[in-house]
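Chemist: For the record, the sequence lines run as chains H and G. First residue of the first sequence: 1, per this note's numbering; consecutive thereafter. First residue of the second sequence: 1, per this note's numbering; consecutive thereafter.
Mixed in with the good hints there might be a few duds.
A pair holds if it fits inside one copy or across any two, identical chains being indistinguishable in the list.
As the list claims (entries may be wrong) - Calculated pairs, DSS-like style, for lysine-lysine (alpha carbon to alpha carbon, straight line, at most 27 Å):
#1 K311 to K90
#2 K227 to K103
#3 K311 to K65
#4 K123 to K109
#5 K109 to K210
#6 K130 to K210
#7 K227 to K106
#8 K19 to K2
#9 K19 to K210
#10 K103 to K43
#11 K210 to K106
#12 K301 to K106
#13 K348 to K123
#14 K43 to K2
#15 K227 to K109
It should be emphasised that the hints constitute simulated quantities derived from the structure, not laboratory data.
Protein chains: 2
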Amino acid sequence: MKKHNFSAGPCILPQSVFKEASEAILDFNNSGLSILEISHRSKDFVSVMEEAQQLSLELLGLENKGYKALFLQGGASTQFLMTAYNLLEKKAAYLNTGTWSTKAIKEAKLFGEIEEVASSKDKNFNYIPKGYSIPTNADYFHCTSNNTIFGTQIKEFPNSPIPLVCDMSSDIFSRNLDFSQFDLIYAGAQKNMGPAGTTLVIVKESILGKVTRQIPSMLDYQIHIGKESMFNTPSVYAVYVSMLTLRWLKDLGGINEIEKINNKKASAIYQEVDRNPLFKGYAEKADRSIMNATFTLTEPKLEELFNDLWKAAGINGLNGHRSVGGYRASMYNALPLESVEILVQVMKELETQA
Amino acid sequence: MKKHNFSAGPCILPQSVFKEASEAILDFNNSGLSILEISHRSKDFVSVMEEAQQLSLELLGLENKGYKALFLQGGASTQFLMTAYNLLEKKAAYLNTGTWSTKAIKEAKLFGEIEEVASSKDKNFNYIPKGYSIPTNADYFHCTSNNTIFGTQIKEFPNSPIPLVCDMSSDIFSRNLDFSQFDLIYAGAQKNMGPAGTTLVIVKESILGKVTRQIPSMLDYQIHIGKESMFNTPSVYAVYVSMLTLRWLKDLGGINEIEKINNKKASAIYQEVDRNPLFKGYAEKADRSIMNATFTLTEPKLEELFNDLWKAAGINGLNGHRSVGGYRASMYNALPLESVEILVQVMKELETQA
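All chains, please: the whole structure from these sequences, using the hints.
Modeler: As structure tokens, this is what we get:
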């Protein structure tokens, strides 16, 4: 039976990418060698790395604007400390919109003073704070664009008087923004970009080199830029599959096209959540994420029946995070509209059977 | 034509591993899902991570001896700073046997005083220093077991009065040692263990928790131990392929069996280097690596002919590192004896044609 994979990440990637990625394990570029056994300094892999970097900047509209794209290891969790290591001299400002912002703040506190400009913790992060002000005397402002666990998403970014740093792990390449308003964007690959094991960092070079502390080489953005993301052996296969996924997105028509599809998927699910009396949305409507829809049952006794129904329909990964409970439908770029339609049918079916 | 892959790393892995690793991209464990799209918290992947950790300890004979196995990101280059971050309070002792030791020393210097107990830099690292003494007042002693670039290898490890830390990136799982003499072993996967993108760390828990500095979460061994190597999303696919490779090694008979094969391969190549007047070994005989044989041509004018001959034989990755020049035959665990025999034939053929 066909699977409908709503996993929150690592998550579904395009089927055409899986096919090509599987073939490259046996024979990469007709070399007679697996992509897993070639040198990262080989011409074939250097070209993969360059294309991945170039496609990232191109899709975000950031070519020739002073930005560099890096594919590093360690996930967004490593970026929590690298951003502070590289940018935080005295004080930084953070917006707290959930679990990942909270973790980013915790790591940054080891490097300087942190001013939390606003937080939605008072309502278990079911909304995005607005109307806060960003201090001009901080080194940078950090925010999380999309909160996978709570299903909220920043729709309008503040006009920041200081460098704007954004963790876009769970919604990069999913919607069009003026990406040039950001000075540093980071994203673990394992949502819209590729498999786990690599992290994209897009950084404006002009914001670097301003802190006085000594930075270990592997944590220093300038070192990685100087070596074009090959200071040490990169996560070869994860970069390769990310490149294939970025190619797929470009062929599809880029962010403008995928945003239309993502909006259709999100509308379909939220419309049913709002219509069906058996479901209740978790996030405030204005802040609902187009990537992760969070909702609960209004009648808890229906849980077993609903779980049976969606599992029987081939749906995977619908359980909510323990911080919220209920359900979470993650609808990353590669999830087809058809899968969301199946989920909506199952929700209607619950109403019929209940 | 069949390829003979002597690449220095990332390098050849067993053909049976490539086959299984390719299939898992399309359908993992008959789940109908790719291994690239499943949650790292899923039962199927948690079981992969546990098996990889268990096999690592089992193959090294370190089960139930107070060690933990971690699969982290960032390569050995990240371990250069993590070892110092976690273990270096005032002073550490380092043995300098080449490029990687030198880099490890550079990063550790950011965290305390480094005493270089001995170095073979005077002869461009073509030997392993001996007879040095290790200070008892240092926090740990660090060495590199095998030097890929120079083709040297430590045959006997010192009886260290302080915790013994070893970078075994390029010879772990290749020869039998009393691994319990080490307190911390680290190794980038991309030689004998798997593809690039994950790093094995074997650490004796009792040496941790002794430094006074605050350690960022992602750099803290105790945090990773507490979360069983799943503090954040691991490099899922690289851990999976490493697990397959460790299974292959266990099925083959473990380190004792592979060591016999590795010794045969090394003997074959060094015998020819010593016999054939057209070649000269780079490393001192007593310190020759069984993983990487480095050698040069005695008559530089034969370079083009030799290159033509080995390329025509399907040999790949034989060029030496620029620090040494000449040639380097890397013979990691998965390289068949047959490939070394082909190379030896080509060396003999050069003598005939020259």
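Chemist: So, for every hint listed, does it hold in this structure?
Modeler: So, going through the hints one by one against the coordinates:
1. K311 to K90: neither (51 Å within a copy, 57 Å between copies)
2. K227 to K103: Classified as between; 15 Å across copies, 29 Å inside a copy.
3. K311 to K65: Neither: 47 Å inside a copy, 43 Å across copies.
4. K123 to K109: within (24 Å within a copy, 46 Å between copies)
5. K109 to K210: Result: close both inside a copy and across copies, 18 Å intra and 22 Å inter.
6. K130 to K210: neither (30 Å within a copy, 44 Å between copies)
7. K227 to K106: Between copies, since 18 Å is at most 27 Å while 30 Å is not.
8. K19 to K2: both (16 Å within a copy, 24 Å between copies)
9. K19 to K210: Cα proximity of K19 and K210: none, with 45 Å in one copy and 49 Å across.
10. K103 to K43: Between copies only: 25 Å across, 39 Å inside.
11. K210 to K106: Answer is both: 22 Å inside a copy and 22 Å across each meet the 27 Å cutoff.
12. K301 to K106: neither (38 Å within a copy, 61 Å between copies)
13. K348 to K123: neither (29 Å within a copy, 77 Å between copies)
14. K43 to K2: For K43 and K2, only the inter-copy Cα distance (20 Å) is at most 27 Å; the intra-copy one is 38 Å.
15. K227 to K109: between (29 Å within a copy, 22 Å between copies)
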